[in-house]
Structure formats: structure tokens, C-alpha cells
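J.: Chains as they are written, first to last, in my numbering: chain G, 1 to 112; chain P, 1001 to 1165; chain E, 2001 to 2637.
Hint data in this document are derived by calculation from the structure and do not stem from the laboratory.
The structure presented is a predicted model; accordingly, all values stated were derived computationally and were not measured.
Some hints here could point you the wrong way.
Part of the chain E face toward chain G, derived, beta carbon under 7 Å [claimed, not checked]: (1) T2616; (2) G2617; (3) V2624.
Counterexamples of contact, computed for chain G against chain E with all Cβ distances above 10 Å [said to hold, decoys possible]: (4) W18; (5) I25; (6) L35; (7) G66; (8) E69; (9) F76; (10) V77; (11) A83; (12) V87; (13) S101.
Quick list of in silico lysine to any residue cross-link-like pairs, SDA-like style, CA-CA up to 20 Å [unchecked claim]: (14) E:K2037 to E:F2121; (15) P:K1091 to E:M2623; (16) P:K1162 to G:A83; (17) P:K1162 to G:S101; (18) E:K2539 to E:D2310; (19) E:K2313 to E:L2227; (20) P:K1025 to G:D105.
Glycine included, every Cβ here is placed at the ideal spot set by N, Cα and C.
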Amino acid sequence: MQETIQVAQNLPSTPQTWYLILSTILFSIGVMGVLFRRNAIIILMCIELMLNAVNLLLVSYSSYSGNMEGQVFVFFVMVVAAAEVAVGLALLVSIYRNIASTDIDVLSKMKW
Amino acid sequence: MKSEIIFYLLSALSIISALVVVFTKNPIYSVLSLIVCFFSIAGHYVMLNSQFLAIVHIIVYAGAIMVLMLFTVMLLNLNKESEPHKSSLIKVAAIITGGLLMLTILASLKTTQLTAYSTPADLGLGSVQSVGMSLFTEYLLPFEISSILFMSAMIGAVVLAKKER
Amino acid sequence: MTENILNEMNLITPVMLIPLLPLLGFFITSLFGKQLKHASGWIASLAILVPFICSAYIFMNTDAATSFEVPIFDWIAFGKFSIPFAFLIDPLSILMLLVVTGIGFLIHIYSIGYMHHDEGFSRFFSYLNLFIFFMLLLVMGNNYLVMFIGWEGVGLCSYLLIGFWFKNQSYNDAAKKAFIMNRIGDLGFLLGMFFLMMMFGSLEYKTIFSKASEIPVGNSLIVITTLLLFVGAMGKSAQIPLYTWLPDAMAGPTPVSALIHAATMVTAGIYMITRSHVLFVLAPFTSDIILIVGVATALFASIIGLKQNDIKKVLAYSTVSQLGFMFAALGVGAYKTAMFHVLTHAFFKALLFLGSGSVIHAMGGEQDIRKMGGLRKALPITNFTFLIGTLAISGVPLFAGFFSKDEILANVFVHSNIFFAVLVLTSIITSIYMFRVYFLTFSGEFRGTEEQKHHLHESPATITIPLIILAVLSTVGGFLGLPSVFHATHKLNAYLGNVVPSLSEHEVSHNFEYILMGSLTAIVAIIIFAVFNYFISKKNMPEANEEEMNPVGRFIYNKYYVDEFYNAVFVRPIMLLSDIFLVLIDKLIIDLLVNAVAWLAISLGKGARLVQTGNTGFYVFAMVISMIVLLALQFII
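Bound conformation, chain G alone:
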């Protein structure tokens, strides 16, 4: 009981809505980056940024509502993101080896 009060005193008094706005801004910056840049590696980084915006939101909800699941979910998102980056970078390296560029506009092989 004593411990809980101790922790509670350290808790932020900021309303949860602020975290909502912050993660929205970060997410939009990520989207903007994806649209703005042509370098595939930067785009990958922007995607990471978007993932982190979502993670932040999840953690804030978890912590404000006192629910464990949000944090576990974030943990799994990190797992997937790590795997994604590993594969994505490997792909980029092999693409670069073939066309000597990471410009996504050069990657127009998806046209049938």
C-alpha cells in the first residue's frame, strides 16, 4: 500500500489526450516522410517512426487504463519491427547490388 502511493506520486499528471495528439503528429510526420523521400532506406526509417508513434499510443493507453495487454502488444510490435527491418534491409542491399540505386522511382517493375 505504501509502495503504491509512492509510485502514484511519481506518475505524470498530464492528460492522456496529449499523448494521443503527440502520437498523431509523429505518425503524420512518418507518413509525410514516406511520401516526401525517394530513398528506400529513409522510407523504411519513416515506417519505423510510424510504428513507434503507434507504440507510444498503446503504452499510454495501457498505463492510463491499468491494462497489461497494451504493453505486451508493444513488445510483439517491436519483435515484428526488428524482423521486418532485417528482411527489408537485406532486400534493399540485394536491390542495390542489381540496380546500384535505392531510388523507389526506379523500382517500377511492379508494372505488368
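Based on these hints, arrange chains P and E on the given structure of chain G.
T.: For chains P and E alone, kept in the frame of chain G given last:
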């Protein structure tokens, strides 16, 4: 009051570093500022009493992912000069679209009925102990599956990046 | 009463066997024809012989008062309406069963010899068995729908058998012609059935005939119904104006002509009208039409017969003409007399066709009587039996045709003098052309090639035995219906009396009967002499080709140009119409619509393809904008 100031500082840091990631021309700077951004987000996690996640975040993102990114950037010898050039029309369109997305999300959030939490109801949720208990009991199966995912990702990365003979 | 029911119970098995065996024979001969080879002929014959024995057994164990139904299963049943699949056994159907299976069996035996060298041997017998099956359904059904199954089925078999040698295009055309002509008739029959359904709510004979007694004579609905049914009979029994298919149907093998196009199928129309005489009695107008059509057909067909040189064509026109006689009898309400003529005609016309088949067989496929002659010595049995057939059809006393034809003439005389005169004239013409064929074929000198002369031989026993049996039947068949002048009972009338009660049969005076018989006999005798004198003694020959004929002869030779007339009036306009539809509706409108749809899809695809630039940046843009739109919708709506 103190925590609010810290929140503002951390928020400002994360937004500015995110913007640098997008707008700087040198890929190296992008990577570095993204690391800054991730650190500030880790700070947010600490603020939210999720110590375990904060640590994992720094290890995974700043320690592993971003180092990998940096390696790749350097390996491919990407720099300011090799940066592909986009027309200004597309740049303006991208900024407008991104801003529009933000506005739309915020606007749609306004109409959504949200549970307004003013203060966090913390019961020691973010500690290593509680997250670990949860992971190894309730979420044991996804946890194990994620290790398989990691393994396949590892094999895939090796296969893809390997030089063809 | 109890005894009677027991009796009927015993008869159920034979009744079931009668249609079942030909069907079984059809499946065996069609499925295993290749393995069975010539055994299929005997199997098929057996599949008809057993039903014949069953029919005979039923005939022996029943009397004129018999009338019972054998239900097989409920076929169609909904609401109050139901049609059972059931058989009706009464003197009329027993008579037809005997004719169909008896003559059918003889013709099967005959075909074994006749078709021996044909490659489609088993196929031929499977068709024949199928035909017998459908014909039995036709005569055994206890309602119009079962009759209609048989009716359509025999039409199908007729089509298959006319076009049996399908490699010859003109035979195929003949088959198609028969099929289409029959279809017109079938439409009439079908519409007639609809009317019956509307009026009586049932298609069972029993129900219809009991309800029909409440309907006043001359009711307009019943007149329409009977007229439609008569159209059906017209198609099947080759009456004006739907008769032209029958002569063309001679393209089929000769046993087929004998079985289908002389003895059984073409008499289906007469059977149908006799069966539904209750309705026809209520419609005097229809009866008048039937009489006129029958008499006209009899006369016109017999005149065409005078000028034909193909032995089978002559017989075909004589069949049409004899069918006309039967319809004339139906038209004056002498239904039993019509059935009597059906019976005797089945005997002597089957005999004549089989005889002509024997001749054609011996001549190696030659059918032109101008190239025959003097076959008497080479084919003694055929000659003798053919002579009996000719005498029977010409109405020489004591032969079968004499009694039945005389009865028709007497009945028509009571009704109308003019039609009587026309029929007498027809009867005279009939004997002229029949003796013309007989003398040109069997008397005088041989006019064929040397090779054919060398080849001449009497046919094998499988052919001659049926000929002899039919000759005997053609001789004695008439005694079933002795007229009252001989103070004997008319056995057939007595037998059919319960099914077809005597209606308004005015007996002609005995004196008139004597005069009629005597004068007809004398006329036939004169004709025989005159024809013999003209063709054999004076050696006059039919014209070798059309140019030598006088205009009247040419007109008759070309069958009054009826085929050409039908071509010009019906076939051509329909062809033209279908051409117009082809060009205007099908090609222009339908094709345009279909092509337009295809063109639309193609051009839409071409347009939509432009979206697929392959540019990843563009895709991301599209994705984000769509997301914005979706989110925007959330708060707009």
C-alpha cells in the same frame, strides 16, 4: 507540474528530430536524428511507468535496428550527393497530404467517443516482473511463435543479402 | 365377378412384359451390338415374339367385355391433378397389340434376311425394338399423355430409321422432312391435350369420356379440341396437307417401310381417333372435315400412284390412299370399320412392301419397275405372295381388302352419294396402279442388265416365310368381318362392340350390297384384263423420262407439284425470314450488344491499366489519399 514540463520537452524533442529525419538531405543525419527521436520516445515510456519497455526499446531500436540502418547506409555509400532528387511539386503535395492526414485523424478523433483518462491508474504494470509474468504465462504461445518468426527472418535476410553465384 | 378379378390379376405379368421386353431388347442390341453381331437379330425378334405370345394369351383369356387398367406408378401428381403411368387393356388395345407385335415379329424375322449384309445390322434391330416399345406404349396407355410419349417415340424411331443410311444426304433430308411434318401434327395433338386438360381437368380416357357425356353435341370447344387432335392424326397418318413426308420416307430400308410406314405407325392416327370417338361423335363438324380430307387424300394419292415408276413410291402412295379410306370411315362414324381396314391393310400392305423388298433384294437395289419384268420365274414365292397382296388391296372377293373396303364404301354410301362415288373411283384407280406394278414387275420379259439377270435369285427362308404367313393372313383376314349379307356374325364388330358401340349405323339394303360387290368384282376383272393387255400384250412401257409425257401425265408424275408448292409457300419464306433474322436480329442487334459489352470491358481495362504505373511512390500516394478519404467519411457521415 514537473512531469508536464518534462512531457513538453520530450515531445518537442521527438517532433523536431522526426522532422529532421524527413527533411535532412544527408541519410546519415536522418539515421542519427531518428536515434534521438527513439531516445525521446523511450523517455516517454519511462514517464508512463513502463520501465521494461523503455529498456527493450532502447536495446532493440537504438541498439540493434538503428545500428543496422547506419551500417547499411554506410555500406551502400549513400550520401547527400547520391540522394535522388524529387520534384518540388511532389514535395509540396507530400507535405499537404501529410498535414491533411493529421488533421483528418484529429478531426475524426474528436467525433469518436473516448474514455478520458486524466491520471494513469498504475499498479506496477510496467515492471519487468509483471510483463515477464504475462509473457510467459498468458502469451507464451505468441512469444514462442515470435521466436520462429525471428529465425525465419534471420534465414531470409541471410539468403537475400548473400551474393549470388 | 370374383373370378373376373382373379383373371385380371393373372394378366398383370404378361401386360407388364409386353412393353418391357422390346425395351430390354433395345438396350441389349444397342449396347452389345458389336459383340452380338448377327445374334442381335434373333434376340430382337425374341423380344417381340414373347410380347406377341403374351398378347395372344391375354386375348385368349379375355372377352369382349374386358376393360381393366394396370397402374405402374404415379407419374405426375400435384394438387387435384394427377396423371398415372398406367396401361389400359380392352379389346381395342388388345387388337392393336396383336397387330403390332404379330406383324412386328414377322418383319423382324424378315429383316434378319434382308439386312444381313448391312454394317448397321445391330443398330437397325435396336431401332426396331425401340419403335415397337413406343408403339406399344401408344396403344396401351390409359391416358393421352402416355399415348403422347409413344406418339413422339415412334416419330423419333421413324426419323432414325428413315435416315438409317445416313451417309446419303437425300435420305437425311427425307428423315428431316418426316420429322418436321410430324412435328406440325404433334403440335396439334399437344394443343388438343391442353384443351382437354382445360375442359376436363384430366387426361385419362375414363374420366374424359365419362365427363364428355354432359357436353352438348356441337359445343364449340369440343369442335376445336377434336380438330386439333385430328391435326395430330393428319401428321402421323399422312393426310392432306401433311402427307408429303410418307412417300419420301421410303428412303428407309424396306422392312421399315413395311412396319412403320404401312402397318403400324401411320395407323396411330386412326387408333387415336377411334380411341377418342366419344369426343368426335360430339363434333359433327370435325367429322365432316375428316371425311372430306380422307376422301380427298384417297383420290389424290391414288392418282399420283398411277404415274410413279419406283415400286416403293407406288406402294407409299397407295398407303396414303388407303389411309384416306380409313379416315373416310372415321368421318362417317364407322370407327369399327376403320379399325377393320387398319387390320386388313396391315396384313396386305406389309405383305406388298416385304414382297417389293424381296424384289429389290433380288435386283440388287434396283427400284425402278421399268427395269424389271419377268421376275415370275426367278422369284416364284415372292411372285405368288405379291399377287395375293395385289388382289387383296384391289378388293377381289374373298381376299381381306374386299371385305373391309366394301364395308367402308357401304358406310360412306349411307352418308353421302358423292363421296361414295369418289371412293369407288379411287378403288378402281387403286386396282389399276397395283396391277400395273404387278405386271410390269413379274410378267413380260426381263428388262434389266445382264448382270442383274445373272444375279436374280429367290430370297432366303427368313424372307419368304414371313411373306407366306402374311399372304395367308391377307387371304383369310377378311373373314373376321363378314358383312351381314352372308348371314354370318361380324366377329370384329362383336369384339370391339363394347369399346366402340354402334352409333348410327344404317344398314344398307342387301340388294345394294349385292350390286356393289358384283359390280366392283366385275370392274376389277375388267381392269386386270385391260392392264395386262396394255402393258404386257401390247408392250406399252411407262415413259422413260418426263419429256415424253403429256401435260396431265407430267402434272401427275410430279405429284401435282405439291412439294414445289410447299417449298415456295412455306419453306422459302421461312428460310428468308430466318435469313432476315440472322442478319438483322442476330448479327446486327444481338452481336452488337454482345460485342459492345466486350468492347466496354476492354476499354475500361485499358483505362484502368493506366493507373498501374508501377511507380511505388504513386502507389503510396494513392494509399494515403484513400486512407484520408475513409477517415474523412467517418466524421462526415
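J.: Determine whether the non-interface label on E69 (chain G) survives the test: each CB of chain E must be over 10 Å from its CB.
T.: 25 Å, holds
J.: For the pair supplied as a hint, K2037 (chain E) and F2121 (chain E), is the alpha-carbon distance within the 20 Å limit?
T.: With Cα atoms ~7 Å apart, K2037 (chain E) and F2121 (chain E) stay inside 20 Å; holds.
J.: Using 7 Å as the Cβ threshold, decide whether T2616 (chain E) counts as touching chain G.
T.: 4 Å, holds
J.: Is the nearest CB of chain E more than 10 Å from the CB of V77 (chain G)?
T.: 19 Å, holds
J.: Beyond 10 Å on every Cβ pair: is that true for W18 (chain G) relative to chain E?
T.: 21 Å, holds
J.: Can you verify the interface hint for G2617 (chain E): is its Cβ closer than 7 Å to any Cβ in chain G?
T.: Result: holds, 6 Å to nearest chain G Cβ.
J.: Report holds if the minimum CB distance from G66 (chain G) to chain E is greater than 10 Å, and violated otherwise.
T.: 28 Å, holds
J.: Is the Cβ of S101 (chain G) farther than 10 Å from every Cβ of chain E?
T.: Consistent with the label, S101 (chain G) stays out of reach of chain E, its closest Cβ about 13 Å off (over 10 Å).
J.: Going straight from one Cα to the other, do K2313 (chain E) and L2227 (chain E) come out at no more than 20 Å?
T.: Status violated; Cα separation ~29 Å.
J.: The output says V87 (chain G) does not contact chain E. Does that hold with a beta carbon cutoff of 10 Å?
T.: 17 Å, holds
J.: Has the given pair, K1162 (chain P) with S101 (chain G), been kept, meaning a C-alpha gap of at most 20 Å?
T.: 18 Å, holds
J.: Assess, step by step, whether the Cα of K1025 (chain P) is no farther than 20 Å from the Cα of D105 (chain G), and give holds or violated.
T.: Since the Cα atoms of K1025 (chain P) and D105 (chain G) sit roughly 17 Å apart, the hinted pair holds (cutoff 20 Å).
Hints 6 and 19, counting from the list given before, are not met by this structure.
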